[in-house]
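Peer 1: Protein chains in written order, with the working numbering: chain A, 599 to 898; chain B, 599 to 898; chain C, 18 to 260; chain D, 18 to 260.
Hints were generated in silico from the structure; no laboratory data involved.
Incorrect hints may appear among the rest.
Unchecked claim - Taking lysine-lysine and the DSBU-like style, the derived pairs with C-alpha atoms no more than 35 angstroms apart in a straight line are:
1. C:Lys178 - C:Lys157
2. A:Lys787 - C:Lys178
3. B:Lys640 - C:Lys178
4. B:Lys787 - B:Lys601
5. B:Lys787 - D:Lys178
6. A:Lys601 - A:Lys787
7. B:Lys640 - A:Lys887
8. C:Lys130 - C:Lys157
9. D:Lys130 - A:Lys640
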Amino acid sequence: MSKVVSMREAIAELVHDGDSVCLDGFTHLICFAAGHELIRQKKRRLTAIRLTPDLVFDQLIAAGCVERLVFSWGGNPGVGSLHAFRRAVERDRSLTLEEYSHFGLLARFLAGSSGLPFWPLKNFGGTSLPEVNPALRSVVCPYTGEALATVPAINPDVAIVHCQRADEEGNAQAWGLYGAQKEVAFASKRVVVVTEELVSTDVIRADPNRTLVPGFIVSRVVHEPWGCHPSYVQGHYDRDNDFYVAWEDVSRDEARLARWLDEWVYGVPDRAGYLQKLGAARQAQLTAKPRRSAGVDYGF
Amino acid sequence: MSKVVSMREAIAELVHDGDSVCLDGFTHLICFAAGHELIRQKKRRLTAIRLTPDLVFDQLIAAGCVERLVFSWGGNPGVGSLHAFRRAVERDRSLTLEEYSHFGLLARFLAGSSGLPFWPLKNFGGTSLPEVNPALRSVVCPYTGEALATVPAINPDVAIVHCQRADEEGNAQAWGLYGAQKEVAFASKRVVVVTEELVSTDVIRADPNRTLVPGFIVSRVVHEPWGCHPSYVQGHYDRDNDFYVAWEDVSRDEARLARWLDEWVYGVPDRAGYLQKLGAARQAQLTAKPRRSAGVDYGF
Amino acid sequence: MVYRAARELRDGDVVFVGIGLPNLACNLARATHAPSLCLIYESGAVGAVPQRLPVSIGDPALVTDSLAVVSQADIFQCYLQRGLIGVGFLGGAQVDRFGNLNTTVVGDWAAPKIRLPGSGGACEIAVHAQRLLLIMRMSKRAFVETCDFVTSPGHRAANGKTRRELGLPGGGPTRLITDLGVFDFDATGEAVLTELAQGVTVEQVQAACGWTVRCAAQLEPMPTVDEAVAARLRALDPQRLYL
Amino acid sequence: MVYRAARELRDGDVVFVGIGLPNLACNLARATHAPSLCLIYESGAVGAVPQRLPVSIGDPALVTDSLAVVSQADIFQCYLQRGLIGVGFLGGAQVDRFGNLNTTVVGDWAAPKIRLPGSGGACEIAVHAQRLLLIMRMSKRAFVETCDFVTSPGHRAANGKTRRELGLPGGGPTRLITDLGVFDFDATGEAVLTELAQGVTVEQVQAACGWTVRCAAQLEPMPTVDEAVAARLRALDPQRLYL
Numbered sequence: 599m600s601k602v603v604s605m606r607e608a609i610a611e612l613v614h615d616g617d618s619v620c621l622d623g624f625t626h627l628i629c630f631a632a633g634h635e636l637i638r639q640k641k642r643r644l645t646a647i648r649l650t651p652d653l654v655f656d657q658l659i660a661a662g663c664v665e666r667l668v669f670s671w672g673g674n675p676g677v678g679s680l681h682a683f684r685r686a687v688e689r690d691r692s693l694t695l696e697e698y699s700h701f702g703l704l705a706r707f708l709a710g711s712s713g714l715p716f717w718p719l720k721n722f723g724g725t726s727l728p729e730v731n732p733a734l735r736s737v738v739c740p741y742t743g744e745a746l747a748t749v750p751a752i753n754p755d756v757a758i759v760h761c762q763r764a765d766e767e768g769n770a771q772a773w774g775l776y777g778a779q780k781e782v783a784f785a786s787k788r789v790v791v792v793t794e795e796l797v798s799t800d801v802i803r804a805d806p807n808r809t810l811v812p813g814f815i816v817s818r819v820v821h822e823p824w825g826c827h828p829s830y831v832q833g834h835y836d837r838d839n840d841f842y843v844a845w846e847d848v849s850r851d852e853a854r855l856a857r858w859l860d861e862w863v864y865g866v867p868d869r870a871g872y873l874q875k876l877g878a879a880r881q882a883q884l885t886a887k888p889r890r891s892a893g894v895d896y897g898f
Numbered sequence: 599m600s601k602v603v604s605m606r607e608a609i610a611e612l613v614h615d616g617d618s619v620c621l622d623g624f625t626h627l628i629c630f631a632a633g634h635e636l637i638r639q640k641k642r643r644l645t646a647i648r649l650t651p652d653l654v655f656d657q658l659i660a661a662g663c664v665e666r667l668v669f670s671w672g673g674n675p676g677v678g679s680l681h682a683f684r685r686a687v688e689r690d691r692s693l694t695l696e697e698y699s700h701f702g703l704l705a706r707f708l709a710g711s712s713g714l715p716f717w718p719l720k721n722f723g724g725t726s727l728p729e730v731n732p733a734l735r736s737v738v739c740p741y742t743g744e745a746l747a748t749v750p751a752i753n754p755d756v757a758i759v760h761c762q763r764a765d766e767e768g769n770a771q772a773w774g775l776y777g778a779q780k781e782v783a784f785a786s787k788r789v790v791v792v793t794e795e796l797v798s799t800d801v802i803r804a805d806p807n808r809t810l811v812p813g814f815i816v817s818r819v820v821h822e823p824w825g826c827h828p829s830y831v832q833g834h835y836d837r838d839n840d841f842y843v844a845w846e847d848v849s850r851d852e853a854r855l856a857r858w859l860d861e862w863v864y865g866v867p868d869r870a871g872y873l874q875k876l877g878a879a880r881q882a883q884l885t886a887k888p889r890r891s892a893g894v895d896y897g898f
Numbered sequence: 018m019v020y021r022a023a024r025e026l027r028d029g030d031v032v033f034v035g036i037g038l039p040n041l042a043c044n045l046a047r048a049t050h051a052p053s054l055c056l057i058y059e060s061g062a063v064g065a066v067p068q069r070l071p072v073s074i075g076d077p078a079l080v081t082d083s084l085a086v087v088s089q090a091d092i093f094q095c096y097l098q099r100g101l102i103g104v105g106f107l108g109g110a111q112v113d114r115f116g117n118l119n120t121t122v123v124g125d126w127a128a129p130k131i132r133l134p135g136s137g138g139a140c141e142i143a144v145h146a147q148r149l150l151l152i153m154r155m156s157k158r159a160f161v162e163t164c165d166f167v168t169s170p171g172h173r174a175a176n177g178k179t180r181r182e183l184g185l186p187g188g189g190p191t192r193l194i195t196d197l198g199v200f201d202f203d204a205t206g207e208a209v210l211t212e213l214a215q216g217v218t219v220e221q222v223q224a225a226c227g228w229t230v231r232c233a234a235q236l237e238p239m240p241t242v243d244e245a246v247a248a249r250l251r252a253l254d255p256q257r258l259y260l
Numbered sequence: 018m019v020y021r022a023a024r025e026l027r028d029g030d031v032v033f034v035g036i037g038l039p040n041l042a043c044n045l046a047r048a049t050h051a052p053s054l055c056l057i058y059e060s061g062a063v064g065a066v067p068q069r070l071p072v073s074i075g076d077p078a079l080v081t082d083s084l085a086v087v088s089q090a091d092i093f094q095c096y097l098q099r100g101l102i103g104v105g106f107l108g109g110a111q112v113d114r115f116g117n118l119n120t121t122v123v124g125d126w127a128a129p130k131i132r133l134p135g136s137g138g139a140c141e142i143a144v145h146a147q148r149l150l151l152i153m154r155m156s157k158r159a160f161v162e163t164c165d166f167v168t169s170p171g172h173r174a175a176n177g178k179t180r181r182e183l184g185l186p187g188g189g190p191t192r193l194i195t196d197l198g199v200f201d202f203d204a205t206g207e208a209v210l211t212e213l214a215q216g217v218t219v220e221q222v223q224a225a226c227g228w229t230v231r232c233a234a235q236l237e238p239m240p241t242v243d244e245a246v247a248a249r250l251r252a253l254d255p256q257r258l259y260l
């Protein structure tokens, strides 16, 4: 039974105002297409969850979609600040922050994906994080007596997980940097798989060790080539570092950021429209040079 | 710097009498070659650790190598009993048992591999396991107040991890059933990687998502083709199910089992000798029919 | 018995498959009324489509062409403990009226008469599966008043505690399928005979049971295997591993 | 500063590489005296050999030809928390004399003057790395008596507690490398100036430091970059991302 729908349908059906939404991917596999559709559909009061809010959340914040941010590093990697995020925090005080370290937030996903109410970790000693985040608590090890930090499980309403290939049922395979895609998918109540390539199940079954997310936990599948630009997809297209650098100036200026959203998000109907605007030349520049691995043998 | 040595050298150097030794692999990738070398070198008072003791530990127990067994399922899968194990437990009372469920023992590896002193899990409620194993304790969740079971970390002295391919530094790749190879390797103090194929580092680097164990935690590498027979290696050779069935009669009869050890373990100098005895015809029967996957693209 | 177990499976169910009769039942269901059954093995194979009847739950035929192969840590944490397993199957050397199972030891654990293999994944399957099917041949030795050892929890512990009180997330045993008949479990967690195999009487069931058998108001006949299904079963197990 | 940091790395070290100057220092060390340096990135790349200077710690060039790519859960649990990381590198907006770092906020967290990115993996690197190298340019704004927020722990907390008392397994800061000189940390965990950059005086260091600078009995000159190394650095960073 095919679960394939358009991004518009997937977001309309699965994301409601007030939902908690995790859009994962660590530098790699960040689904900007889904973020832009959330903005176009004017979703409101979202709890937005990501280790690294990145440009996609800066855009969501600027568009007024986000009420609460659960995160661990809010910057433009290698460039500077997320200025919409900073304005919301420093000037407008319009964003509720729930702040972790990477390991701390990841541990919340680990608990959520494992069916446990909490996760223990050795962390946070001597830092100010527990003072600003009451979710950081501790347990005593029943063997050594030492105190360990804990975080509570997180189970987002919706996860958006981008991958290199998936079949119509949502069996999804990814390689390169995994981020927390698997943990996020298993932790969440509803899962949208967004894929660069829609493949037959035979392709999945030919290399089962690469499967990150099994179809039976997936609600909807969206086939969205180039769905991550300006983020990247290993084996498909490179990160658009120039875009990230340029974002510094765009997001620093509130009016200019609003115009950018008008032009690149509200002004296009969907990802295909965005790509048309981006242009074939830019896509050609970013297209990955092939570097194919050899297969392995699954025979017996 | 090459870490490649013979199985004889690896076992002589890294395993001492009284050590705790985990030889992992779940049905798949069970390194009988290492087990036989432990027997030949007359290692004594070992704490032997495996989820499924399997035939290889039945042989180690029969040979008098094992003082303590840490395990969760002690049978001959799909066939019946491990009779040397049963004699040691039922008749001789010569074996100290530390018993878990699969998840329970696996959780010990998870804690050990993660640098935590314990691991929480929802398990054991209403069972007799905590009555016979004082290592099963509990913690109270700092968020929900519910009690969760715990197991303590395990950090074996030596792990023996078989894989399809590795380079001279011990960067090891495996596919098919993983068992707990990764967790066992990271949990242990010394790691022996045993590999079907010794490959150049380029082969590893061409498909880095397949790497299960990084070389820098590996002490020694042994190149031992067919090192798992009668267990199997996906893509190389099938499980010798007839051997498993025949073991029922061999191990039921103490004298016959002793003769079997004389003939197949003490009577051969190494794995090459064992394979010569096994014969080319049997190897040909068990050799896997090729079923190669396609590669994936790592370009950017 | 295998056929009766197979009929408990619905198309699309996510099933945790144990070795032996459950394995055969699941593969029968997949070959007949439940082609979209998702078979998960504790060894790490998800969505397996074995081209031969697997001898063990770690058979290489479970890997080739499966939908996913994952670590055992993921199987136990992300699939089982997360509550994603719809159906589990277990058998054992002993069962009591509350569905507690013993696969560990006959006699005292420290000085056993018969040392059995132990839990394997059975304990956690019984803790977490949403529905749990038990399959066992009836005998007084197996159907006991009290298990010598509880490896896998049923509906109530020896001290009377319920699953909720014990903190067990799964649903507990839903059916106990035997060669002589089928038991359901009532609201108090006790086994109640609801079906009788062809030609079997309640007296025969009682004679093979160590506790006083309670019967449903109406006893149904246990469905019989027709020739087509029998042929299918023989085809699934040509080496007669389980039949 | 980059060169001085690179010299702290020994061949065979397992290094957790952050973005920016540490990235450049590690790649310089790998290109010169430490070819077997194992570079690990929190994004999941292990044994990376980037063919271009990565702009971010998640650059695709870190994946291609690396020894392993693993989940972030493995990075933080099996590599970092397990104690396998020999060297970590951190910088920050503020540092105090005990090596506590702030990369979270200037001012009050709830009503910040400047909102910085936050911890990322910095907190856990400071907790777990066996040796921790701090790299920062000196200024009174950055070298403070007390950090506005402690993101990554140094040798002592504000309440005086030591790493051992705080349950921190790693070794804590071993060097604080600046543009003006290098600090070590003494047995009490306090920074002690041990090296001065060429042409820099202790007075200049003190003028750029918010606490009273303690000096070692003997101050060594900070090693200078020769033309060969300078050329190597320019080759590593042709786009002048960090230089």
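Peer 1: Could you run down the list of hints and mark each one as holding or not?
Peer 2: Hint check:
1. Proximity of lysine 178 of chain C to lysine 157 of chain C is assessed by CA-CA distance (about 25 angstroms); at most 35 angstroms being required, the pair is judged to hold.
2. For the hint pairing lysine 787 of chain A with lysine 178 of chain C, the CA-to-CA distance comes to about 31 angstroms; that is within 35 angstroms, so the pair holds.
3. Using a Cα cut-off of 35 angstroms, the hinted pair lysine 640 of chain B and lysine 178 of chain C is violated, with the two alpha carbons roughly 49 angstroms apart.
4. Distance hint between lysine 787 of chain B and lysine 601 of chain B is fulfilled; the C-alpha atoms sit about 16 angstroms from each other, no more than 35 angstroms.
5. About 31 angstroms separates the Cα atoms of lysine 787 of chain B and lysine 178 of chain D, which keeps this hinted pair within 35 angstroms; it holds.
6. Between lysine 601 of chain A and lysine 787 of chain A the CA atoms are separated by roughly 16 angstroms; this keeps the pair inside 35 angstroms, and the hint holds.
7. Taken as a hint, the lysine 640 of chain B and lysine 887 of chain A pair is broken in the structure, with Cα atoms around 55 angstroms apart against an allowance of 35 angstroms.
8. Restraint check: the Cα-Cα separation between lysine 130 of chain C and lysine 157 of chain C comes to about 17 angstroms, which is no more than 35 angstroms; the hinted pair holds.
9. Straight-line distance between C-alpha atoms of lysine 130 of chain D and lysine 640 of chain A comes to about 30 angstroms, which keeps the hinted pair within the 35 angstroms bound.
Going through the hint list in order, the structure does not satisfy hints 3 and 7.
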